[in-house]
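Engineer: Fit chains B and C to the supplied structure of chain A, relying on the hints for placement.
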Amino acid sequence: MNIDSLVLLAIALPLMGAAFNGLVGLFAPGYRSNKTLIGTLGTLCVAIPFAIGVLLFIQFDHDAHITRAFTWMSAGDFTADFGYRVDQLSLLMMLIVTGVGALIHIYSIGYMRDDPGFWKFFAYLNLFIFAMLNLVLGDNLLVLFLGWEGVGLCSYLLIGFWFTDLKNSEAANKAFIVNRIGDFAFLLAMFILFKDLGSLDFDVILAGGASLAPATINWVVFLLFIGATGKSAQIPLFVWLPDAMAGPTPVSALIHAATMVTSGLYLLARMSSLVLLAPGVMTFIAIIGALTAIMAATIAITQNDIKRVLAYSTVSQLGFMFMAAGVGAFFVAIFHVMTHAFFKGCLFLGSGSVIHGMHEVEHQLEEEGHEVHLDPQDMRTMGGLRKYMPATSITYLISTLAIAGFPLMSGFFSKDEILFKAFEYGYSGNGYAWFVWVVGIITALLTAFYMMRSYVLTFRGKERWPNADRIHPHESPASMTGPLWALAVLAIVGGFLGLPGVIAHGDLNWIHHWLGAPYGGPVAEAVVAEHEASFIVVEWILLILGGVIALVGLGYAWRVYNRDGIEFDQKLAIDFRGLYTTWANKYYWDEGYDKAVVKPVLGLARRVMDPFDRYIVDGLVNGLGSMVRAFSSLFKYLQTGVVQNYAVAILFGVVLLLGLIIFG
Amino acid sequence: MPIGNIISVLIFLPLVGALITMLLRSESQIKWAALITTSVTFVLSLGLLWGFDPSLGTGTGPQMAEVYSSWFPDAFDIKYYVGVDGLNVLLILLTTLLGPILVLSSWTYIKKAPRGYYTLMLILQTGITGVFCSYDVFLFYIFFELTLIPMYFIIGIWGGEDRIYAAVKFVLYTLVGSLLMLVGILYLGNAAGDAVNGGVFTTDWYKIVQYNPDASTQTWLFFLFAFSFAIKVPLFPLHTWLPDAHVQAPSGGSVVLAGVLLKMGTYGLVRFCLPFFPYASQKYAMLIAILAVIGVIYGALVSRVQPDAKKLVAYSSVSHLGFVVLGIFAFTTEAMQGAMIQMINHGISTGALFLILGMMYERRHTRMMDDFGGIAKSVPILTFFMVFSVLASAGLPGLNGFVGEFLILVGSFKSDVIGNPFLIAAATTGVILAAVYLLWMLHKTFFGPITNEANRTMVDLNWREIGLLAPLAVLMLVLGLAPSKFLQMSEASTESIIQIVDSKISAMTEFESGEPVAVGALSIDSDQQ
Amino acid sequence: MEIPVDWYLALSAILFLLGVIGVLFRRNVIIILMSIELMLNAVNISLVALSQATGDVSGQILVFFVMSVAAAEAAVGLAIVIAIFRNKLSVDVNDFNLFKH
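These protein sequence lines are chains A, B and C, in that order.
Under this note's numbering, the first residue of the first sequence is numbered 165, with each subsequent residue one higher.
Under this note's numbering, the first residue of the second sequence is numbered 9, with each subsequent residue one higher.
Under this note's numbering, the first residue of the third sequence is numbered 302, with each subsequent residue one higher.
Errors might be hidden in some of the hints.
To be verified - Between beta-carbon pairs, the in silico distance windows are: (1) A/ASP168 with B/ILE157: 55 to 63 angstroms; (2) A/MET791 with B/ILE157: 19 to 27 angstroms; (3) A/GLY756 with B/GLU461: 34 to 42 angstroms; (4) B/ASN428 with A/VAL691: 35 to 43 angstroms; (5) B/LYS291 with A/MET791: 28 to 36 angstroms; (6) A/GLY362 with B/LEU27: 26 to 34 angstroms; (7) A/VAL368 with B/ILE389: 42 to 50 angstroms; (8) B/LYS291 with C/ILE381: 52 to 60 angstroms; (9) A/LYS800 with B/TRP228: 30 to 38 angstroms.
FYI, nobody ran anything at the bench for these hints, they're computed from the structure.
In this text, a Cβ means the ideal position worked out from N, Cα and C, and glycines have one as well.
One chain only, chain A, in its complex shape:
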């Protein structure tokens, strides 16, 4: 098979899987109970594209290959094809999406087994993979946008998967609408690009970018970045992501940690040569990334819901990636996207395994007739789970170490590379990068702390649920622990794909060689001055500093939470009195938006516009009608309803006329 048909097959398969499972499940309810068939089919529709991705990866010969399926829309000068581009960047993203996606599909077979919406879940997941493949493989901004909104839709459908709870449906709406605000900016960026360049194809945009006026480039990059803040949960549009945890946990792992939320980074990396032309906006990107990272990290410290900790951690890690983008190190951002997909995917799946176990506890308590409402996601009711769920515990610990940047694990390399790039960029005269670097260091410390906190509270210490002496959870089935192990292994070794510059002068940094523009890849990067030979000492110091910070954060959290358990949070609350409340209340973003945007707009619609429509606009119309009526009411008494009266009038009229004719 040639590359074209392979690419199209890889994109079409998930769509067909979604259509089949979805439509047959919807119209033939009998099909819904064939869970093995549904799950296998759904998984195959992702696993085969992964295999195709591997094949394409092996065959890849350093030239972007473009596949055109058919014309999507064309009108006047505007044309957009369903064109797909296979190059280093899209292949890497495709492998992450389908690889992690396939693992999470397998996991879901176990996790969702008892859910009546099993068929629907797999249809949605496949649809998501389809949209995500369009996003990363699309050859023009419009196909990318199709995927962009498509993943937003799947996110909406899956957050609201358990729609009988009104809160879930609300969270789904919030996610979709906040994303739409970002998409609004994205659309405007496309309008500008089409107006000035006449096309939305990447080749045209990236080649013609340099010819645009600086103000135009600034606007385009700024608007694209706003689009990215929506999808990738940055200030000011991050508020939907924590609420999105209402969805089933595999969804949180796949969509809200590993793949969809990183699409903003993909967009910036894809547009990297354009972004580099707008240094002012890059400053903005880096600062927003840094602020988001530290803000989310501080919130994560205070959360008790295990999934919310991970959600804020995701926001924070995405902030790291934007820091990298903001200092022009796009390939490092993608590197972190990849390692983050591994360890955060593993963490979320681990939390899913824990929730699965806690559900079991909840059921047992119910069977014993206890009137307790156990929140299976609340870490305050967990503890000591490592005894009962060893595989989950170990993989969770591995990923915790990886995200914290424990030396030689994947997060260590990718995060340190980001911090190093920020340092280097600052060193070569870009002042804001120093700020980014300092914030990054502090955030790294906080990350190590809150992640270890979540591990210790969940898996160590005493069991805190009721009747823990009799009732305890069991380890999840192999279909769930298998993906956990796979991701944990990747979380350990994934970092070796991007060994830092101190080792063999960066020659072993595979990801840089694969993606970077200096080596013929599609991802441009900021050029910094050559360093003197002694700079390597600084690099070593920074690398060691990164490791030390991780160890300090991990070690401190390990010590205090093992010693005090959940009570240590109270100490924190007292020590950081004002700050802690702010953190625990998420800096009041939701309340602020509610007061500043939602309420005023709704109030305007409800108190001003609706009455305006009813009484002013429509009132004018009805008023016109009443005027006519009032006028005619003067004459209505002539209308007696008795025909004979009219006939008399006619008679008089005739006599009068006759008289006029005869005598006139």
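Structural biologist: For chains B and C alone, coordinates are given in the frame of chain A:
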């Protein structure tokens, strides 16, 4: 001619069907007669796809044209002149497609006086098809008015509680506009007759289009026509008849109203206002565009606070058609093409929304969102179609609504006439707001726990209902993913409209004196027949 | 003996006046209808008389038209009366006031 008088057949076959249903006695005979008539009409209309040549623009005259000029005395050049070109072919197909769907949707919904209902529906279809096919302004006017009467009775007899008020408002409102247009037609026929037809009063589109009135005449004629069409669209602030009419009309009435009746307004703007009065159209394009954008935002916000689901969708029409008007007055091919396809898209997706709301009303006899809640659990198939149509309506890429909205906005953004970035940005917020109010409706009616016991036993769609929604859903997908075939059909014609506008305006600047100018140099060949 | 045409015209005028009075002042619809017939026939008399006096037959031909119209009018009128009577159970015009403001 190979396909004979297909256009006349398409126009009058429903009328023949109406005569037949009028004579039938039993309800099932009436329904089947109506269904067969509309289905046959639809199948015949597919012949248009086969016989239509998309490479021909409007300038070269309509295709499959039919002319009978003996209809009126020779002192008036008024003809029965029908045909198709790129501007109307899709709208005709949409009309004929909705025919059988309307009949099927009313199958159990209409219990009172079915004979009158189906007869009026068929007459209505004749009127609408005639409006789209006419190349004689006078004939257009007759069909335009013909649609009023059946719609009046459909709302007034089979409507909701306030049906009389809504029906009277609908008729009076549109009548005011169309009477003003009649004045315009009479003046225009005289003036164009003097200028280009040897002093004989003419309403032939191809003759009038060669007549280029001077600036001040154009301006007031433009407003007479535009006012009439703006009411029909409806453009803010002339929209208040629409929510009332939609809410009170029976389900089928709402579908035909949203599906095709409103398109008569936007179609009229493209067909008549732009090529007849290009100077005035461009001069006041900004004004109209601002009103359109106000309509987009205003309609969306008012929609969000309605407690009545049908009213919510009605206001969403105000918002969506604002986009169409914006696209028409951008004077770029991209935007006008977007407007053309958006007319079809809106007809399909909003039509589907009204159909589904009708099905819900049939089951629960309420339109209030508070009376529902959580029904996704009891009616999954209905929910599927609703979510699908909502997403199409909200402009999700891959479904039809996006194609039109995107082309309109991208084309308006590059427009020299109305391409103010802030105006277009404001219009683009409509995309956000569409998600806000439509998802709100889903949230209120379909999701959450079942709060009302009556909803627990709600019956899901039967095969008849699935069968009439499925083609619409398929069309949403096809128009969303592969609209290029459909766009091609209108491309040449929209380009010729823009070309007529450009050449007439440049002729105006050559003759600065302001005298009426007959532009012989236009690339319009009026002697096609 | 030749009867002068004036006499016929006088008779016609009197009958017509009677018909007008009947239409205007009677309340029973049937009688009103009969009064209309009276008026029509009064016209017929004058048409015939004038036709005879002037020697032109077109007047007499017109009479046939009037008679057929009168027959149709009576049929339709009575049908309407019956239809109304079914609804209102009355033939009094005072009860037929749907056109009242």
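Engineer: Does each hint hold? Answer for all of them.
Structural biologist: Here's how the hints hold up against the structure:
The hint said 55 to 63 angstroms for the Cβ distance between A/ASP168 and B/ILE157, and at roughly 57 angstroms that hint holds. For A/MET791 and B/ILE157, the hinted distance range of 19 to 27 angstroms is satisfied, since their beta carbons lie about 26 angstroms from each other. For A/GLY756 and B/GLU461, the Cβ-Cβ distance of about 40 angstroms falls inside the hinted range of 34 to 42 angstroms, so the restraint holds. Range check, B/ASN428 to A/VAL691: Cβ separation about 38 angstroms, and the 35 to 43 angstroms hint holds.
A C-beta distance of roughly 32 angstroms is found between B/LYS291 and A/MET791, which places it inside the suggested range of 28 to 36 angstroms. For A/GLY362 paired with B/LEU27, a C-beta distance near 55 angstroms fails the hint of 26 to 34 angstroms. Taking the beta carbon of each, A/VAL368 and B/ILE389 are about 44 angstroms apart, inside 42 to 50 angstroms as hinted. In this structure the hint that B/LYS291 and C/ILE381 lie 52 to 60 angstroms apart at CB holds, the actual value being about 58 angstroms.
Distance hint for A/LYS800 and B/TRP228: a CB-CB separation of about 35 angstroms, consistent with the stated range 30 to 38 angstroms.
Hint compliance for this structure: hint 6 is the single one not met.
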